[in-house]
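**Q** The chain contents come next:
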Amino acid sequence: MLVALRSRRQIAPFAMHRPTTLAEAIELRQAPGTSAFLAGGIDLIDWLKHGHAIDRVIRLDGVPGLADIAAGPNLLRIGAMATHAAIADSAAIRSVLPDLAAVWQGIANPRVRVAGTLGGNVMAGHRDYDGLPALLALGALAELAAAAGTTLVPIAELAGAVPAAFAGGTSSLVAGFGIADPAAQRLHCDRSLRPALTVWLGLTVAAERVTALRLAIGMAYPVPVCVARPLDMDIAKLGRESACLARALAELVPQPVSDGRATASYRRRMVEVVTRRLLIRAGGTA
Amino acid sequence: MSTQLSFRVNGTMHCLTVANELTLADLLRDQLSLTGCKVGCDQAVCGACTVLVDGRPVAACATFAFMAEAADIVTIEGLSSTGRLDPVQQAFLEAGAIQCGYCTAGMVLSVHALLRRCSDPDDATIRAWLEAHVCRCTGYAAILDAVRLAARYLHQEAA
Amino acid sequence: MDGIDSRPHGVAAFPAYLSDKATGRTVYAFDVALPGMLHGKLLRSPHAHAWIRGIDTSAALAMAGVAAVLTGRDTADLPDPFYGVGLRDQPVICTDRVRYVGDTVAAVVACDERTAFAAAEAIVVEYEPLPALMTPEAALAPEAPALFDHPAGGAMLAVGAGSTSAGEPEKNVLCEYTFGYGDVAAALAESAAVYTDSFGFTRINHFHLEPHVNVARWTGDRVEMWSCNQDPFVIRGDIARIFGLPLHNVCLHTPAVGGGFGGKSYCKMEPLVALMARRADAPVRLGLTFDESVLTSTKHAAILTLTTGVDAAGRLTARRAEIVLDGGAYADASCTTAIKTGFRIGGPYRWRAIGSRARVVRTTCVPGGSFRGFGGTQASWASERQIDMIARSRGIDPYDFRMRNFLAPGEPFAPGDSGMDSDLGAGLAEVAEQIGAALPCPPGRGRGFAVGLKDAGGTGNHAQAILKVTQGGEAILSAAVVDIGQGAAGALCRIAAETLGIAPDQVVYARIDTDHTPPDNGTHVSCGTVVTGLAVEQAARDVRRQIVEFVVTQLGCAPEAVVLDGWTARVGNHVHPLEPMIRAWYGGIGWEFIGRGAFKEPYDAAAPLRSKNMCWMPCWSAAEVTVDRETGKVTLHRLVVGADAGRAVDARACHGQIEGAAIQALSQAMFEELRYDGAVPENATPRLYRVMQTPDLPEDFRSVVAEHRMGRGPGQLKGIGEAGMLGIAAAVANAIQDATGACLTSLPFTPEKVLAALDAADSRAE
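Chains as they are written, first to last, in this note's numbering: chain A, 1 to 286; chain B, 1 to 159; chain C, 1 to 766.
Please note that a few of the clues may not be correct.
List of simulated lysine to aspartate or glutamate pairs, DMTMM-like, C-alpha gap at most 20 Å [stated by the list, open to error]: (1) K753(C) x D677(C); (2) K753(C) x E208(A); (3) K171(C) x E190(C); (4) K633(C) x D259(A).
Derived list of chain C stretches under chain B, where covered just means 3 residues or more per stretch with a C-beta under 8 Å from a C-beta of chain B [as the list claims (entries may be wrong)]: (5) 24-34; (6) 203-212; (7) 398-404; (8) 483-496; (9) 681-687; (10) 694-700.
No lab work stands behind these hints, which were simulated from the structure alone. Ideal placement from N, C-alpha and C gives every residue a C-beta, glycine not left out.
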């Protein structure tokens, strides 16, 4: 793009399609020519304002069920087209994984929450966005729908592939995200040190014992990272062990980037500090 | 490549054919002469282009016009008729919350959406809601006063 | 709280220019559209520094819908295609080289914006990169190439006694200003202690929500422009000079402006848009994208090194200041910024001697220009930070230290200059009371004070005003002060109404265009209400005199017997309504009284800036913070900012000005910065360039409008628009030091930087 010429007047003409089935959407995506899916539109439109041109925009708001949120004892499934506002206000999510609904109240701003979707947020591949680190911390799976059928992949696998979302062709569509055994999951996050980093702590808890821990870091890497470790600890002991655990986790995370916002060493130091605080917070809640 | 649309703006039905790449901001400004919707940052950050679509605040610079199909849109021009002010506009003027005015239309519409959702918001709620807007002139203090005043006016109107 | 029902309601209760903003009716430059208007777009340099070896515009010109493509060649026949304030080194469009990422290389005019964008993409430019000079240090290095190989046009601004100024004294130095009085060396030698500290100040962008927009239309050899600019008469003069036209062949119209803060002061895109319209032989609108506006102008980054002495009794003795300002690629308002930074470095204190030198270094960055507080913000940051550090070093309470050293009312800021027109001690005491300084700080918190200062009103400034009043007492006021949101129009109308003795809602402010509006030197340096205010007051008095003269001819009484009261004349016990009297005499369409007013502050070679300063603008600030020792994150609990309006014509507008400025300054203090990643801007887009928003506000934020009644404007008022910028950064840094001992000497106070300062403080303690 020419220097500083980002503008809505640059958006190049395109054909618009509004498929009514998942299969149709995928078929349109695979057809010859360049195309992109339109979810909330925030990131696609921003990309187009930078002068990128595509032949086809494929709206997803006509495909039934893509925005559905379904909570069952074994699985919480959030459709890719669910908006942030819908997630924050969802009674279904509140019933099985209240931490997620609570955290999502504060994501982005009210205007973005109403239009932006979880799928769009993840597929934008933006290093600063919250969708990916939150799902990583929850150990979520992504539901990839392709012509041949649907596959589930760990969200971490998706993370690496995401920046290509607008650019090249991809043969599948992220239809939704699944969190297994939702009632056992806990999510705590600290976004107070933006834009240096955000820290997301996910725990799996069964009968007051933490069996798994996942730590995701956003805004400090080109793509958010996640380190996981199994645990076997009373949740009430998390506080006491927090310093030790946090130090170990901070050593495990990859080297953060240094940029105009913060240095790698500050970020790594904060991973330890913030993780410790989140562990104390997590240990204090049943 | 264009799309036929019918939608309502400020109570009036429109049927138009619009280019697919046209944003809602440019549809309102260029084709309907509703220039109260300003474009500032053109990146959905500043909120100057906020309009209400089915009661929800959206960034018109970051919304395709074709998304307006069957929608009920309210712009700043639709809030009051000539010579009158709606309670939120009144509150903004009284509280000294308007300096250059470029952010005002989007802010006023957004406050409408807030007060419909929560008729008596506390300070934290107001601050969180207004994160969708940038004002470079006022330093926000008078705007927070305006929102509290608007809440009282709307409450009075409802009573 | 008074009853809601008793307050004025409805559109008619507010002046139209304000209620129009609430109802979306206001026309900004952004909204201006002319029949047959074409659209412009600019091709900008991707290099920080490069020769332009060739530009191939053939593909662009061949595109359907393209009316014109301009390059530097198109300025060859212009008499003087450069602009800048004092020194003029910025070309209307680049000719042989580009000097910053964003510099203008080519301009396209087309039937619509999309076509103009596409044509810009089709222009092929051959660059030969040159070394980028991204900091003053790099630009001053011996091996650094000279950014300019010809001297600039124009001249460095002249100064008065005790000051010197020089243009282009050495390679890559745009200008230099020195200021001094007394014997600095002797005073320092006699001091009980001398402290030397360096302070860093960052580059920020104005971030006015309305980008730069201009529309130009030629008719023969006359050009009309609708411009977002704050200084229509300055632009008129520049365009006339650049194109070799008589002044009256150029007419600037000023619609409402969507924020300026100095970013729309002096020449920006106006000459180029005029050129584009002439070449295209059609009206042309050039609307910069927001990102282009970010790359147009910034506040000057600076390093200020202060050597300050203090005596055994805790009195300041002398200060030597060495100031380096990063001017960016072109002069813009750098000459005046250099002068103001060097001049203001003493702050609101009494000194035996001052010796300061301020230099603007040319770099390959966005040009530094006029930005609210210019020079005063840089100087106040450094000075108020060091004052606090010195006080702590001496074991003196920083509040008491300031009180001990303040200039007294009437005391000259410098030999030959006007006296202080605020009670500095009283202002600080009021702000201290507001922040609860009588009580000890809650545990874990720190409190900091700062008193910034700048001169206001301009140098040798002048303004005129015309007031037309109908026989029914409806008035229209014409002056060139541009309302950029600061409420100047309203304040000036009030002054006219007060002087005339009529209701404020009877006076409206006229549209501004340079054919009809009386001139001034531009809407900046907080001069509107004081300088133009005096002209308005005089115009209103002229109208009164004419009315009295008319009444005398009608009633045969003595002039002294006439008392004007509302729109009546009282003579003895009789009240004569004016309208019937005027109508009866004049008939026809009715009569208008037309009053003229003018004000000029004389030049004075004995004053350091070549004219005494109209007024002084202190900013009293107090901040209360806690700091998270582990993360460095600063929580600002309370911020109180005070300024002196002299007399507040519109108290709410004064509060708005103080608060708006304070939040801009707070934003810069805490995180806002236009950064470069090597030679390329790192965060020059709205998503990445963070400005203060509502969740960032302090819990308790309040402004104090003092009225010390010593101003020179009507009813003792004075300027207040920039005041709120001045003390904020230092107050917060002082509070951080009070809370933790961490000593910050550069902006912004990011958590990382604060943490490093905390670590350093702790290791000093060990």
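**Q** For each hint, tell me whether it holds in the structure or not.
**A** These are the hints, each one checked on the structure:
1. K753(C) x D677(C): 18 Å, holds
2. K753(C) x E208(A): 40 Å, violated
3. K171(C) x E190(C): 37 Å, violated
4. K633(C) x D259(A): 18 Å, holds
5. 24-34: holds (count 7)
6. 203-212: Our answer is that it holds, as 6 residues pass the Cβ test (under 8 Å) against chain B, meeting three.
7. 398-404: The restraint on the region 398-404 of chain C is violated, since only 0 of its residues have a Cβ under 8 Å from chain B and three are required.
8. 483-496: holds (count 4)
9. 681-687: holds (count 3)
10. 694-700: holds (count 3)
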